[in-house]
Structures are given as C-alpha cells and as structure tokens.
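There are 2 protein chains.
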Amino acid sequence: MSGRVTVLTGGVGGAKLVLGLMQVCPPDTISAIVNTGDDFRHLGLAISPDIDTLLYTLSGRANAAQGWGREGETWTFMDALKSLHGEDWFLLGDGDMALHVLRSHLLTSGETLSAVTARFAAAWELALRILPMSDDPVATHIETDRGDLPFQRYFVEQRCIPAVRAVRFEGAAGARPAPGVIEAINDPDTRAILIAPSNPWLSVDPILAVPGISEALAAASAPVVAVSPIVGGQAVKGPTAKLMGELGLAVTNEAIADHYAGIIDGLLVDERDGGKGLAVPHAVTDTLMKTLEDRARVAMAALDLADRIAG
Amino acid sequence: MSGRVTVLTGGVGGAKLVLGLMQVCPPDTISAIVNTGDDFRHLGLAISPDIDTLLYTLSGRANAAQGWGREGETWTFMDALKSLHGEDWFLLGDGDMALHVLRSHLLTSGETLSAVTARFAAAWELALRILPMSDDPVATHIETDRGDLPFQRYFVEQRCIPAVRAVRFEGAAGARPAPGVIEAINDPDTRAILIAPSNPWLSVDPILAVPGISEALAAASAPVVAVSPIVGGQAVKGPTAKLMGELGLAVTNEAIADHYAGIIDGLLVDERDGGKGLAVPHAVTDTLMKTLEDRARVAMAALDLADRIAG
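So the sequences go chain by chain: A and B.
Anchor point for the first sequence: position 88 equals 69 in the working numbering, and the numbering is continuous, going up by one each time.
Anchor point for the second sequence: position 175 equals 156 in the working numbering, and the numbering is continuous, going up by one each time.
There's no promise every hint is true.
As the list claims (entries may be wrong) - Under the rule of at most 20 Å between Cα atoms (straight-line distance), these lysine to any residue pairs were calculated in the SDA-like manner:
id	chain 1	residue 1	chain 2	residue 2
1	B	K63	A	E106
2	B	K63	A	A96
3	B	K63	A	R42
4	A	K63	B	H86
5	A	K218	A	N44
6	A	K63	B	A96
7	B	K63	A	L87
8	B	K63	A	A102
By construction, these hints were calculated from the structure, which means they are not laboratory data.
Pulled out of the complex, with its shape left as it was, chain A reads as follows (with noise of 0.2 Å):
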C-alpha cells in the first residue's frame, strides 16, 4: 500500500508512535498535526513542549531515560536564574533554550509558528511535516478541586495531583487550523489517518477543539484510526487514567471509543485488554512502545487496521 499518512499527536507517546511511522512509511509521506494546546509563555519565552517532544524524538535528540527533554543536556541556565530568584518551577535546559529563544524572536519578528517549526524541522533535516494544530493561541485550561490551573501549572507545578472537574481550550473557538492542516486531511491520497496514543483530553482534544479540525476528520474518505491510549486497564504514563476516573468514565477502551465516535473508524488495542465487547472496528497488537522495533510494529498494526477498514 502506498499513499499519504497524517497524524495525530500530543507529547511523548505520540512522539514514539510517529517515529514509529517514519519506520515503515517513506518520511516525507507524513503529516505531524501537533497539539499547541500546552504552550505557554514563560519569562517571555514562548514554549511549545509537544512540538519540541517531536522534534526531539524523531531527530534521535530526546532524553530517553529521562522521558523528556533533551539527551545531554545541562542546566546551567536553571542555576544561574535561581540565583537571580527568578521563577524556577519549570525546568528550561541550556539546550532546550535555544528552542525556546529563536522561536520566541521568530514569532515577535512576524513569522507565524507553523513557519519556525518547519524551519526548526529542516534545520534537524526531517523530511515529514510537522504542522502545529493552528497558529493562533489555545491553551489548555484544567478545572481542578484547586481551582483553574493553566496545563502547565497543573502538569509541572502540581504534578497533575489537583482532580479535574473539566477541562477547557481557552481560544479555541477562534483558532483557525494552521496552513496544510486540513489539507492533510482531505488528501485524497491519504492512507489512514491516526490518532497517537496521546492523553485524548488533554493532547487529542485540543486539536479537535480547532473549528473544522473534528468536521473534515468525520467527512475525510481515509480511515481514521485511533491507537488507545489504554494497556491493562491502566494509561502506559501520565495522568490519563487518574483524570478518567475524575470524570466519571471507567479506564476501558469503549470509553476511549465513545469519546472519539464520529471521528475515529477504528481502534487498535493492547492484547492485554483485547477488542471485548467494542462495537467500533479494531485490531489487537501489543502496543508498549519500548524499543524502536515496537513503535514501527504499532504504527504497522495502525495502518493494516487503516488498510482492512478502506478495504
């Protein structure tokens, strides 16, 4: 089979599940929609992780062990800011800065951030594009016992420890897709569509939240394919089971395919839960993203869902 593959994604499952892709799919065949729903100014800096999680990742530059972040990187920013007193509750690498800087003075001198991620992206020679879910502002909102917390006070600063009650995009009513973006939908020369295993409230629904984004995913002629997020009844990392239990929902995969009906065509699940009782077409892999080989083997169980269900 042959054909375009766009994606879905937030942070850093997603990003395993793209460099997955970029295993058994020619790069530069791939579209990266990236959640910018967690980005956020601080010290005047403008900081978008999930791009920069992708970046990272498929330019063999993440920190692995750490699960974030840069290999090799120091913090001597981090020491030197503290002895100034100034704010130190979310980490900034030496490394990590340059991102942070040059996106910051590209924007203020007029470049849009779809334009400096590809720039980002070509400078690191990665052939796939990578395209923000909009160039306008959204961000993620959670409302928690401890009140509104904007998506990095919550993630950082609380470590996710607040329940959350809901969660909001501020922006997100006006935020247009950015440039290629629903493009990269309509082509017909798609293959599938995927969904990363990416926290669908907190990384999926942004995207979604853009107008037009959910419309031209339930009207695309390419089957869309969510990879769950869920491995024995638990999320691999990161707060999605404890956030689905403060919402009410139980952690299974029929709450995953009930929260993306209309939008998804198919689920792949992890053997351990296998398809029980789940009306939506779907496929069984193990889908732990450990080794390079898994994430190529998940992308490859995504895109034969994606194939059975174009028929």
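Since the structure of chain A is provided, determine the placement of chain B on it from the hints.
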C-alpha cells in the same frame, strides 16, 4: 577620610577598579554609573554587557582567565542554536542567558533597567549601587572604513579591525540620566568621583553624552579623578590605542587629559609613562591591575589624589 565614592565605568578594566574600591571603601558607600551604550537586542534578548561584567566581577563570578563572561560557563545553548542555524556571531553562555532572559522579561513587564539591575545586585548580595547611565536606550555606533557598525558588530563580530573615523551615541540627546545618577555626582557627602580606566571614547563618552551628566561632573564639588587607560604608551586591553591612532591622537596621557578637559580635576597615570608634561594635577602609580591587591592599590591611589586635590 570618609564619604561616598562615585565611579564611572565601562567593561572589564572598569570593573577591576570598582572591585578594588570595594576593598578600600565600605561597599554601601560606592555608586557605580555604568555605560549602557554597548547594550543591544540580540535574538530578542536585552543584553547589557558592561552591567553584567560588573555584576560578575563584583560577585566573584567572572571568568578571570578568559577576560569576559562567567566562571564555569557552559555552551550547550550555543551548540543547539547553531544546529538550528541561529545567528552565532555573539556568544551567549548558558549561565549568562539567565541575566538576558530575566532582564528581557522584566523590561517587557514594565520594569526599568535601573530596577532590574538593582534586583540582580541584591540577589547576588552586592551592597554598592549599580546605576545604568540611563534607563533610555542609547546605542554606540562606530563609523568605520567599512561603514557604520553598531558597537557589538564592531567589537565582537569585526574584532575592532575596521578603522574608526568617528563614534556616535544614538538616542543620547533624548536620554535622561537614570534615577540616582545625578544625585550620586552631586551628593555633598561625596569624597571623590572616579573615572575608571575604561576606553574614554567607547565606554566613558556614552555616559558623558547623556545630557546633564557632563554638566553635573563639571560642577561637582567633589574632585573628579580619571585613571588613565594608558600603560607604557599602550592600552592594557582592547582597542583604545588603535582607536586613538585612527582618530589622529598620540597614545599619551596628555591626549587622555585633553579628552577629559573640563570634566576632571586630576589624572592617575602609570609609572611607566610618568606625569611629564601633564598640566592637570596628577599622581603616578603602577596602574596595571593583575591581582586584587593591585586593584585596591590603584583605587587607593586614585582616592589619595582626589583627597590631595580637595585639600
């Protein structure tokens, strides 16, 4: 003798004198008025090289061997910036970035350069007052045989190689002395006003170009004593001698005294040159400041000359 001391200073050489002063006077009696003509925006960051050199030198953070920047600096940011094809002609150390980022953020938030500088000095427990010459932007431009160059392009990128024809200070005519500057010159409790052995044309003239500062110095009741940057018919460091030649001046203390005519009441010169032919009151010492003891000795000699002039 007691009383306050005010010192006009530029970069590395000036910072050494101020450090010397801190050995011989209570730090909280010292006010340093610092050149900000070298300040510039780079990658969107507000960089104040002379203020930072003073902060590093006085707090024991300066890299003495290298002659600029921080001790224990790391360069991960620059490496990452280069990989992204960012501008790399101006070196930004990882720790140095903390000052630039925090200063830029605070300036954007509406704080003045004076306030930011006082905040940094307090964080690093420096008891002297560090006063930017102005909170308004003043930009030193060098007119050279290769065209008009902003200071850092001339100094860093072109390594002072272009021949200087003139120096001008953009924005100076409309700039106001920062709060405390005129007061530090006029304070009736002032024992001496020193001009550090910084480059008179590049580092001290921008201060004198801010309307009100020259006039206050000329009218000051305290004696004004400059430490000559000439040692043995040469400049210790930097482009002073080369620049004097290009401006058609002999590299002599007479030329320095002429330059500061109407401002200074005395000149401290190096023993290698002596005071022969100098019309202005002067004293002679070894003005090379290699060790902390040297710095204290030169500061003391400058204060002694001031005391002698004051009678």
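Quick one: which hint numbers does this structure break? Sort them smallest to largest. Per hint list: zero violations.
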